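We have chain A already, so just place chain B on it with the hints.
The residues making up each chain are set out below.
2 protein chains.
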Amino acid sequence: MKEKDLLARIGKLRTKSGTVETPLLFPVINPAIQPVTPSRLKEEFGFEAIITNAYILKKRYLNQPVETGLHKFLGYDGAIMTDSGAYQILIYGGVEIDQAEIISYQEAIGSDIATILDIPTGWKVTKNQASLTVEETLRRAKDFFKFKTRDDILWVGPVQGGRHLDLVAKSAIEMGKMPFQIHALGSPTEVMESYRFDVLVDMIMTAKKNLPIERPLHLFGAGHPIMFSLAIALGCDLFDSAAYALYAREKRYMTENGTWRLSELDYFPCQCPKCSRETPNEVLDKSAKEQEIFLAEHNLYACSGEFRRIKQAIRDGRLWEYVEIRAHSHPALLTAFKKLKEYKDLLEKHNPTVKRSGLFFSNSEGLSRPEVTHYRERLKERYSHPEESKVLLLAPQTYNKPFHKAREFQKIQQVLKILENNMLNKIHVCFYAAPFGVIPLELDEVYPLSQHDNSVPLEDTTICYVANEVASFVGRSHYEGVVLVHDPHNWSDRVKSACKKSCLDKGLKFNYLVLKEDSTKNILTRLEMILRKNLSE
Amino acid sequence: MKEKDLLARIGKLRTKSGTVETPLLFPVINPAIQPVTPSRLKEEFGFEAIITNAYILKKRYLNQPVETGLHKFLGYDGAIMTDSGAYQILIYGGVEIDQAEIISYQEAIGSDIATILDIPTGWKVTKNQASLTVEETLRRAKDFFKFKTRDDILWVGPVQGGRHLDLVAKSAIEMGKMPFQIHALGSPTEVMESYRFDVLVDMIMTAKKNLPIERPLHLFGAGHPIMFSLAIALGCDLFDSAAYALYAREKRYMTENGTWRLSELDYFPCQCPKCSRETPNEVLDKSAKEQEIFLAEHNLYACSGEFRRIKQAIRDGRLWEYVEIRAHSHPALLTAFKKLKEYKDLLEKHNPTVKRSGLFFSNSEGLSRPEVTHYRERLKERYSHPEESKVLLLAPQTYNKPFHKAREFQKIQQVLKILENNMLNKIHVCFYAAPFGVIPLELDEVYPLSQHDNSVPLEDTTICYVANEVASFVGRSHYEGVVLVHDPHNWSDRVKSACKKSCLDKGLKFNYLVLKEDSTKNILTRLEMILRKNLSE
Numbered sequence: 000m001k002e003k004d005l006l007a008r009i010g011k012l013r014t015k016s017g018t019v020e021t022p023l024l025f026p027v028i029n030p031a032i033q034p035v036t037p038s039r040l041k042e043e044f045g046f047e048a049i050i051t052n053a054y055i056l057k058k059r060y061l062n063q064p065v066e067t068g069l070h071k072f073l074g075y076d077g078a079i080m081t082d083s084g085a086y087q088i089l090i091y092g093g094v095e096i097d098q099a100e101i102i103s104y105q106e107a108i109g110s111d112i113a114t115i116l117d118i119p120t121g122w123k124v125t126k127n128q129a130s131l132t133v134e135e136t137l138r139r140a141k142d143f144f145k146f147k148t149r150d151d152i153l154w155v156g157p158v159q160g161g162r163h164l165d166l167v168a169k170s171a172i173e174m175g176k177m178p179f180q181i182h183a184l185g186s187p188t189e190v191m192e193s194y195r196f197d198v199l200v201d202m203i204m205t206a207k208k209n210l211p212i213e214r215p216l217h218l219f220g221a222g223h224p225i226m227f228s229l230a231i232a233l234g235c236d237l238f239d240s241a242a243y244a245l246y247a248r249e250k251r252y253m254t255e256n257g258t259w260r261l262s263e264l265d266y267f268p269c270q271c272p273k274c275s276r277e278t279p280n281e282v283l284d285k286s287a288k289e290q291e292i293f294l295a296e297h298n299l300y301a302c303s304g305e306f307r308r309i310k311q312a313i314r315d316g317r318l319w320e321y322v323e324i325r326a327h328s329h330p331a332l333l334t335a336f337k338k339l340k341e342y343k344d345l346l347e348k349h350n351p352t353v354k355r356s357g358l359f360f361s362n363s364e365g366l367s368r369p370e371v372t373h374y375r376e377r378l379k380e381r382y383s384h385p386e387e388s389k390v391l392l393l394a395p396q397t398y399n400k401p402f403h404k405a406r407e408f409q410k411i412q413q414v415l416k417i418l419e420n421n422m423l424n425k426i427h428v429c430f431y432a433a434p435f436g437v438i439p440l441e442l443d444e445v446y447p448l449s450q451h452d453n454s455v456p457l458e459d460t461t462i463c464y465v466a467n468e469v470a471s472f473v474g475r476s477h478y479e480g481v482v483l484v485h486d487p488h489n490w491s492d493r494v495k496s497a498c499k500k501s502c503l504d505k506g507l508k509f510n511y512l513v514l515k516e517d518s519t520k521n522i523l524t525r526l527e528m529i530l531r532k533n534l535s536e
Numbered sequence: 000m001k002e003k004d005l006l007a008r009i010g011k012l013r014t015k016s017g018t019v020e021t022p023l024l025f026p027v028i029n030p031a032i033q034p035v036t037p038s039r040l041k042e043e044f045g046f047e048a049i050i051t052n053a054y055i056l057k058k059r060y061l062n063q064p065v066e067t068g069l070h071k072f073l074g075y076d077g078a079i080m081t082d083s084g085a086y087q088i089l090i091y092g093g094v095e096i097d098q099a100e101i102i103s104y105q106e107a108i109g110s111d112i113a114t115i116l117d118i119p120t121g122w123k124v125t126k127n128q129a130s131l132t133v134e135e136t137l138r139r140a141k142d143f144f145k146f147k148t149r150d151d152i153l154w155v156g157p158v159q160g161g162r163h164l165d166l167v168a169k170s171a172i173e174m175g176k177m178p179f180q181i182h183a184l185g186s187p188t189e190v191m192e193s194y195r196f197d198v199l200v201d202m203i204m205t206a207k208k209n210l211p212i213e214r215p216l217h218l219f220g221a222g223h224p225i226m227f228s229l230a231i232a233l234g235c236d237l238f239d240s241a242a243y244a245l246y247a248r249e250k251r252y253m254t255e256n257g258t259w260r261l262s263e264l265d266y267f268p269c270q271c272p273k274c275s276r277e278t279p280n281e282v283l284d285k286s287a288k289e290q291e292i293f294l295a296e297h298n299l300y301a302c303s304g305e306f307r308r309i310k311q312a313i314r315d316g317r318l319w320e321y322v323e324i325r326a327h328s329h330p331a332l333l334t335a336f337k338k339l340k341e342y343k344d345l346l347e348k349h350n351p352t353v354k355r356s357g358l359f360f361s362n363s364e365g366l367s368r369p370e371v372t373h374y375r376e377r378l379k380e381r382y383s384h385p386e387e388s389k390v391l392l393l394a395p396q397t398y399n400k401p402f403h404k405a406r407e408f409q410k411i412q413q414v415l416k417i418l419e420n421n422m423l424n425k426i427h428v429c430f431y432a433a434p435f436g437v438i439p440l441e442l443d444e445v446y447p448l449s450q451h452d453n454s455v456p457l458e459d460t461t462i463c464y465v466a467n468e469v470a471s472f473v474g475r476s477h478y479e480g481v482v483l484v485h486d487p488h489n490w491s492d493r494v495k496s497a498c499k500k501s502c503l504d505k506g507l508k509f510n511y512l513v514l515k516e517d518s519t520k521n522i523l524t525r526l527e528m529i530l531r532k533n534l535s536e
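Going down the list, the sequences are from chains A and B.
Using the working numbering, the letters of the first sequence correspond one by one to residues 0 to 536.
Using the working numbering, the letters of the second sequence correspond one by one to residues 0 to 536.
Chain A extracted, bound-state conformation:
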C-alpha cells in the first residue's frame, strides 16, 4: 500500500501477468463489437487491465480462447479479469451453464482474475428473493473451492444482497471467511441508473465494514466517471466499465460532471486528445461507426483522466475535497455525500491522521470529515486543561493561522501581558473555530488545526456544531469562570448562548465582551477588568 486517504488506498495487485496499481479501472471487452482494440487500450490509453465475460466467450468462441490462451486471443498482454456470466443472469434471467464448467473454462483460458458464478440480487426485489440470491451465492462460493485447481489465479468472491443491508452484511461476513483474494460488490448498476447513489453508499459501507479490509473490493458494473471518486473514497479498489462503449453506441458522451447526447453539444467540455482536435459539428458529420469510435475513445480518456485526478487527490490527502467537488455535479450525488455523516466513525478509523496538505472546508458536510471526528473524540477523551487554570478565555478564530500568532489575537495578548504572572497562569486561552470547535492555544499548531481554510460566512449548521462543542467543552472542564470574546458578526448569538447556558448549568461565572474593530481600547480595558475580577474572587 503506497498512499491512503479516507477508505481509499493506492496499492499494488500482483497478478500472473504483472503487477497493477489500484484503484484500477478494467474496460469491458466484447470481442464481437469492440470499438477500441485491447492492445490500443493498453498502449494508447494506458489501461493496465481489462475484463471480459467468460460466459459470452465460451458461448460464442467455444474452445478457441482455450487453444490460443486468453491473452493471445484478445491480443492483450496486461492483466485480464473474467466475469462468469452473473450479469447475464441478472439481465436475461438464467444462464445455461453450471459453475464447475465456467470455473474450469476460466482456468483453461488463463484468466488472471476470475469470478465464481454468483447470483446477482438486482434492485427491485423483495427481501425474500434477495435472501435466496445471497444464500445461493454463498453455497456456490463454498462449492467453488472443490472445483478450483489453479492457485495462480486471483479469485473473486462476490457479495450480494442489493439494497437489503442486513443481507449485504451477512453476505460480506460469510464471503470474508473464505480464502478469496478479491471481493466484489454485486448489482450496483441499477442502483446507479436510478441515481440512488445514497443507497450505493449504504451498500458499499456495509460491505466494507464486514469484509476483511485488506482485500481489494471490486464494484461491479460501475463505469461512469461521475461516481468513481465517491466509490474509491469508500474503499472500492477495482471497477469495470462497459459504459464507455455502451454509451458510445447510444451516442452519449460522458464526463466526470455528467452525460450529454452528442447532439446536445456545441462544445466538447473536455481537453482529451479527441476533444482538443475536433468540434461536435465535425464529429456529427462523420459516419455512425466513426462517431461511436470517437465517443468510445473520449469516454475512455474521461475515465482515465478521472482516475488520475482521484489518485493524485489521494496522494495529496485531498480526496474529501475532491469528492465534495464531484458531489456538486448532481443533487443525487450530494445526497449520497451527505450520507457519509452516518459513517463518520468508520471513515475516521481508517483515515491517516496526518496528511500532506491543509484541509479545505466548504460546507457543513465537512463536519463529517475524519479529521473533525478524530479531533473531537481525542479532545474529549484525552485532553484536560492545565490544572492551575481557573478562567477560560475563549477567543474567536482568526483569519490567519496559527491563531495565537495572528494579528487579531495580539490585542488580547496585550492585556494578558499586563497581568501579573500568578494571574496569567490562571487564565487558559482557547479559540472557538470552525470546524474543529474548541482549540486550546497550546494545541493550535498541531495538524490540522492550523492547516485548513474555511469559506465564509459560516453556515448555520457549522456554527451550531461549534456552539455545541463549546458547551460540551465547558461542561466537562474544571474552570471557575468563562470569559467569551463574542463575535456576533461571524458567529451570531449561538456560541454565546450555548456557552452561557453551559456555565449556568455548572454554576460557573460567565462574562462576555463584544468584538468590534472600532473600540479596541475599551474592549481591552473591559477584558482586563473581567479577568482581574474573576481571578480575585
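Each hint should be verified, as a subset may be incorrect.
Which copy? The list can't say, so a pair holds if one copy fits it or any two copies do.
[Said to hold, decoys possible] Pairs of lysine to any residue residues, derived as SDA-like cross-links and limited to a Cα-Cα distance of at most 20 angstroms, are as follows:
{"no.": "1", "residue 1": "141", "residue 2": "376"}
{"no.": "2", "residue 1": "123", "residue 2": "398"}
{"no.": "3", "residue 1": "340", "residue 2": "459"}
{"no.": "4", "residue 1": "400", "residue 2": "193"}
{"no.": "5", "residue 1": "400", "residue 2": "192"}
{"no.": "6", "residue 1": "343", "residue 2": "532"}
{"no.": "7", "residue 1": "3", "residue 2": "532"}
{"no.": "8", "residue 1": "176", "residue 2": "31"}
{"no.": "9", "residue 1": "141", "residue 2": "195"}
{"no.": "10", "residue 1": "337", "residue 2": "487"}
{"no.": "11", "residue 1": "338", "residue 2": "459"}
{"no.": "12", "residue 1": "41", "residue 2": "280"}
{"no.": "13", "residue 1": "338", "residue 2": "398"}
{"no.": "14", "residue 1": "169", "residue 2": "411"}
{"no.": "15", "residue 1": "499", "residue 2": "461"}
{"no.": "16", "residue 1": "505", "residue 2": "377"}
{"no.": "17", "residue 1": "337", "residue 2": "457"}
Simulated from the structure, these hints should not be mistaken for lab results.
Owing to the predicted nature of the structure, the values given are computational and were not obtained by experimental measurement.
Frame of chain A, contents of chain B only:
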C-alpha cells in the same frame, strides 16, 4: 449574441482580422521567450486570438513590427490585441513613453484590438492614490480620442479603482460615456494572487452595473482556469493569460481545480494530449526547457478545455451549477460565490427566464439564483389566489414532479374528490417546496418549478427560506383558514411555526396534520374533517 446564462453570454466580436467568439481567452505572447509559437497556438490549440504588449514590442523591436505588420511579425493570422504598457507601470512603476506615442504605434503595427495608456490602480493603495489613477486614466481616455486615427481598430477603455468600489463605479460610468468598443477591468491580478475572489466579485459587479452592458468586458491579467467560470458568469467576456507561460517557467501545473508544482505530482490530474501520453516522472527526466514547454502546453489545454466546459454550460443553461462545482475547488472561491447573494437582483435582471435544462439545487447558495429571485418577485407582485378560495391547503413537495401528479399527492387528492364541488372550489392547494417556497398547484408545471432536482436532507438555511416564504404568502393572501400538511421529518418544525404565526397575526384559522406513511387513512379522515369544518363555518 447566441446564448445567455446569468450575466454570461456567447457572442461574436468582429475584428479586422476576422470574427471571434466570446467568451475568449487571449494567450499572452512574449516574442523573446515564447514557449509555444503563435501559429501553433492557433492551429494546434485552437486559440482564435492572442495578446501582446505594444510597449515591450516597441522597446525591444522598435520599427520592425511596423515594417512587417504585427501579424506577419508574430506569424499569426487571427485577431491580435495589444496592451499599452499599463501592467509594466503597475509592476515597475512608470513607463518611458507617452500616450500619443503608444497609440500611434498600435495603429502603425495594425493591432486588431488596442488599449489606451491607462494607469493601473493596484491592490494595496489608499483611496487617494486610487482616485488619482482613476482621474488620470479618465483624462487620458478623453485625450485619446484626439490622437486616434484608425477606426478599424477596436479600442479598449479600461476601468480602474481597484478595491475602492465607489471609484470603480465612477470610472465605469465615465468610461462608459465614451465611445469605446470594449472595456476592461484593471488590476485584478493581485486581488487574485491573494485569493480575494470575493473582492473580485465586488469589483466586477460594480463595473458591470455601471458600464453599457452590451459592450464586451475584458478582465485584465486573469489567466487561471480556477476562476474563469465565476468571472464569465458575472459578465466578463475577454481574458488574457500570461499565467500559462509564467507558471510553466516556475514548474507549476494549473488546472481548473488548482495548482501543483510538477514535483508534487505522482499522476497528471488531466486528460489533455500531453498528460495522456506521459507521466510526471517521465517529464521530470526531461531538460528544464522541455519541462517548461510541456507545462506551458498542458496549461494551455487546461485553459481551453475549461473555456469549452463553460461555454457548453452557458449553452445548457447550467452555468450556475458549473460555477458552484468550481467554487468548491477552494474555500476562497466559495466565499466569493456566496457573495452573489448581494447581487441577486442584478443577476436576475439579465438572466434568461427559460432555459434548456432543469436546475440542480445543491446548497443554500442556490437561493441566490436568478430563477429563485424571479419567481419570488413575480409571485409577490403578480399572483393572487383564486377569488373563491377560502382555505389554503399547503402540502409538502413530492419527490417526483410535477407535484400534483406525484404518487404522494394522490392521497390528498382522494379526499378532495370526496368533497362536493361547491366545497372543492373553496380550497386552494399549494405546495411548499425548496427552493421556490410556495407553489400554487395551478403553476406547478411552469418552468422551472417542476424542472429541478434537490439534494436532501435540506439545509437549515433553505428550510428557513421556505418557511419565510410560506409566512409571507399567507400574510398577503385573503384566505380564511390554512391547513398545513406538516412533514416534520424533512422540514423540522420551521414551516409549521412560521405558518402558524402568520395565521395568528392575521387572525386566520390554522390547522395542521402530520404526514406519516403508516396512518394514511387517519390522515385522510382528519383532513376531510378539517376541510369540512373550515368551510362550513
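Results of checking the hints against the structure:
1. 141 with 376: neither (41 angstroms within a copy, 66 angstroms between copies)
2. 123 with 398: So residue 123 and residue 398 pass the 20 angstroms test across copies only (18 angstroms; inside, 51 angstroms).
3. 340 with 459: both (17 angstroms within a copy, 16 angstroms between copies)
4. 400 with 193: Classified as between; 15 angstroms across copies, 44 angstroms inside a copy.
5. 400 with 192: Intra 45 angstroms, inter 18 angstroms, cutoff 20 angstroms: inter-copy only.
6. 343 with 532: neither (43 angstroms within a copy, 49 angstroms between copies)
7. 3 with 532: Neither way: residue 3 and residue 532 sit 51 angstroms apart in one copy and 63 angstroms across, limit 20 angstroms.
8. 176 with 31: neither (38 angstroms within a copy, 67 angstroms between copies)
9. 141 with 195: Cα proximity of residue 141 and residue 195: none, with 32 angstroms in one copy and 61 angstroms across.
10. 337 with 487: between (28 angstroms within a copy, 19 angstroms between copies)
11. 338 with 459: both (19 angstroms within a copy, 16 angstroms between copies)
12. 41 with 280: Answer is between; shortest inter-copy Cα gap is 19 angstroms, intra-copy 29 angstroms.
13. 338 with 398: Answer is between; shortest inter-copy Cα gap is 18 angstroms, intra-copy 30 angstroms.
14. 169 with 411: For residue 169 and residue 411, neither the intra-copy (57 angstroms) nor the inter-copy (40 angstroms) Cα distance is at most 20 angstroms.
15. 499 with 461: within (19 angstroms within a copy, 28 angstroms between copies)
16. 505 with 377: Intra 23 angstroms, inter 52 angstroms, cutoff 20 angstroms: neither.
17. 337 with 457: For residue 337 and residue 457, both the intra-copy (18 angstroms) and inter-copy (10 angstroms) Cα distances are at most 20 angstroms.
Hints 1, 6, 7, 8, 9, 14, 16 from the earlier list are contradicted by this structure; the remaining hints agree with it.
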